[in-house]
Each structure stands twice: as C-alpha cells, then as structure tokens.
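Colleague: Below are the chains, spelled out letter by letter.
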Amino acid sequence: SQQGEEDPQALSIQEGENATMNCSYKTSINNLQWYRQNSGRGLVHLILIRSNEREKHSGRLRVTLDTSKKSSSLLITASRAADTASYFCATDFTGSARQLTFGSGTQLTVLP
Amino acid sequence: DTAVSQTPKYLVTQMGNDKSIKCEQNLGHDTMYWYKQDSKKFLKIMFSYNNKELIINETVPNRFSPKSPDKAHLNLHINSLELGDSAVYFCASSHRHQNTEAFFGQGTRLTVV
Numbered sequence: 001s002q003q004g005e006e007d008p009q010a011l012s013i014q015e016g017e018n019a020t021m022n023c024s025y026k027t028s029i030n031n032l033q034w035y036r037q038n039s040g041r042g043l044v045h046l047i048l049i050r051s052n053e054r055e056k057h058s059g060r061l062r063v064t065l066d067t068s069k070k071s072s073s074l075l076i077t078a079s080r081a082a083d084t085a086s087y088f089c090a091t092d093f094t095g096s097a098r099q100l101t102f103g104s105g106t107q108l109t110v111l112p
Numbered sequence: 001d002t003a004v005s006q007t008p009k010y011l012v013t014q015m016g017n018d019k020s021i022k023c024e025q026n027l028g029h030d031t032m033y034w035y036k037q038d039s040k041k042f043l044k045i046m047f048s049y050n051n052k053e054l055i056i057n058e059t060v061p062n063r064f065s066p067k068s069p070d071k072a073h074l075n076l077h078i079n080s081l082e083l084g085d086s087a088v089y090f091c092a093s094s095h096r097h098q099n100t101e102a103f104f105g106q107g108t109r110l111t112v113v
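Protein chains in written order, with our numbering: chain W, 1 to 112; chain V, 1 to 113.
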C-alpha cells in the first residue's frame, strides 16, 4: 500500500493565491521529500525536510513536518501558472538500501 | 548533460513479447531504482539496487527483472508482457546515504496491445 497520502487530490486556484497540499504517512521516517511532476515528464525534487526539522523554506516553498502526527504540508506562495503540475510527497526510510515511497499526489492547477 | 536517462521514451509492443528499458545515470550515485506509475499517477517502487543489495517489491511479478551491468546502469527486463503492464516506468538514482534527493529519468511510456 502507499506510504503517503496527499490531500487534496486536486486543487485549482487563481494565479497569485497560495496553494497548500498535505501529506500523511504511516511509519517512522528519516526525511520527507516533495517532488513536482509536470505533465508527461519525470519527477523533479523540490525540497527535503529531515525528521528532526519542523519547517523549511526554499524560495516560494514552505514545508512543515509534524512527526507526532505523521504529516507534512507544502505551501506554495504567490502561485504562478507555471506551478501547474502534480506534487508528490515521498518518505525515506532506510534499511540496508534506500527506498523512497511516494504518496498519491496532488494535481495543482493555477489559473491565469 | 542528462543526469538520468532512459531509453526508449515510448514503447509499444504486443502481449507476450519480451522487452527491455535501459537506464543510465552520470551522477556517480550508488543506488538506482525503478518505479511504475499507473494511469492514476500512483508511483510504486519496483526495485532498489546498489552494488550490494537488490530489494524487490514483493508485489512485482517475477516477469520483471532488473539487470545492472555496472554502477551507472540499471536496465529493466520484462518477459511475457501483459496488458496490465502498460504504464510509465521511471528510473531514478540517489546516494545510499540518508537525506539526499533522488533524480529521475524522463520516463518510458509502455503500451502493451
């Protein structure tokens, strides 16, 4: 089964508005990562937050992590039409070989 | 320069055929992966592999097999293709150590007819 679940599944906003996506996961993690996927393309890494961090910023992106609730959120501020994409959270729990387990994704549409 | 490259980008084939998808990374990573993305965009890990260990997702049919000729390559072989194998397959790579991101290829869209 999927480790992470994103919420909402789809989000449509106007350009300039903020977009918030949430991710919940099930097991203990070393870090949580957010990726973007444009239509027909591969996944691109956006930001990584470690299990001992609570908040991280990168440009217009803000990620929070609550390990007690096993949840994370991705905030995109001042959205642009170019932000239209699918956004996935991925949890990293390492054994002897690394594995990233992805959530189901949020389809974000930013209307001009 | 492309960091993780997959070939082919599109693959259309008949049921029952055997096919391979190639993947190469020039990032010096020691771990490579194959993911399957279905029509609903669910990404499921199929294999993770470094030079010491292959981890196979237990739900992956044994018709699928990864083959790594060297650390920079992890090819995916699929035998006796079925309609349900139609999906987009992504190769990725990363460092084995924690807290680093993965880099993905552009994907191979496999259509089985």
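Treat the hints as calculated values from the structure; they're not laboratory data.
Careful: at least some of the hints might be erroneous.
Unchecked claim - Label-pair distances were calculated between CB atoms; the ranges are: (1) Gly84(V) <-> Lys26(W): 34 to 42 Å; (2) Pro112(W) <-> Pro69(V): 43 to 51 Å; (3) Arg60(W) <-> Thr111(V): 35 to 43 Å; (4) Arg60(W) <-> Pro61(V): 35 to 43 Å; (5) Thr109(W) <-> Arg63(V): 46 to 54 Å; (6) Asp18(V) <-> Glu15(W): 21 to 29 Å; (7) Asn99(V) <-> Ser39(W): 28 to 36 Å; (8) Ser68(V) <-> Asn38(W): 25 to 33 Å; (9) Lys69(W) <-> Tyr10(V): 38 to 46 Å.
Claimed, not checked - Only pairs whose alpha carbons sit at most 27 Å apart, straight line, appear in this in silico DSSO-like list of lysine-lysine: (10) Lys69(W) <-> Lys44(V); (11) Lys40(V) <-> Lys26(W); (12) Lys71(V) <-> Lys22(V); (13) Lys26(W) <-> Lys44(V); (14) Lys26(W) <-> Lys36(V); (15) Lys26(W) <-> Lys70(W); (16) Lys70(W) <-> Lys44(V); (17) Lys36(V) <-> Lys19(V); (18) Lys9(V) <-> Lys71(V); (19) Lys70(W) <-> Lys40(V); (20) Lys22(V) <-> Lys70(W); (21) Lys40(V) <-> Lys9(V); (22) Lys9(V) <-> Lys44(V); (23) Lys19(V) <-> Lys69(W); (24) Lys70(W) <-> Lys41(V); (25) Lys40(V) <-> Lys71(V).
Cβ atoms here follow ideal geometry from the backbone N, Cα and C, with glycine treated the same way.
Colleague: Decide, hint by hint, whether the structure agrees.
Modeller: Against the structure, the hints:
no.	hint	verdict
1	Gly84(V) <-> Lys26(W): 34 to 42 Å	26 Å, violated
2	Pro112(W) <-> Pro69(V): 43 to 51 Å	47 Å, holds
3	Arg60(W) <-> Thr111(V): 35 to 43 Å	37 Å, holds
4	Arg60(W) <-> Pro61(V): 35 to 43 Å	42 Å, holds
5	Thr109(W) <-> Arg63(V): 46 to 54 Å	37 Å, violated
6	Asp18(V) <-> Glu15(W): 21 to 29 Å	48 Å, violated
7	Asn99(V) <-> Ser39(W): 28 to 36 Å	29 Å, holds
8	Ser68(V) <-> Asn38(W): 25 to 33 Å	29 Å, holds
9	Lys69(W) <-> Tyr10(V): 38 to 46 Å	42 Å, holds
10	Lys69(W) <-> Lys44(V)	24 Å, holds
11	Lys40(V) <-> Lys26(W)	21 Å, holds
12	Lys71(V) <-> Lys22(V)	13 Å, holds
13	Lys26(W) <-> Lys44(V)	16 Å, holds
14	Lys26(W) <-> Lys36(V)	21 Å, holds
15	Lys26(W) <-> Lys70(W)	7 Å, holds
16	Lys70(W) <-> Lys44(V)	20 Å, holds
17	Lys36(V) <-> Lys19(V)	15 Å, holds
18	Lys9(V) <-> Lys71(V)	22 Å, holds
19	Lys70(W) <-> Lys40(V)	24 Å, holds
20	Lys22(V) <-> Lys70(W)	36 Å, violated
21	Lys40(V) <-> Lys9(V)	19 Å, holds
22	Lys9(V) <-> Lys44(V)	19 Å, holds
23	Lys19(V) <-> Lys69(W)	43 Å, violated
24	Lys70(W) <-> Lys41(V)	23 Å, holds
25	Lys40(V) <-> Lys71(V)	32 Å, violated
Violated hints, in rising order: 1, 5, 6, 20, 23 and 25; the structure is consistent with all others.
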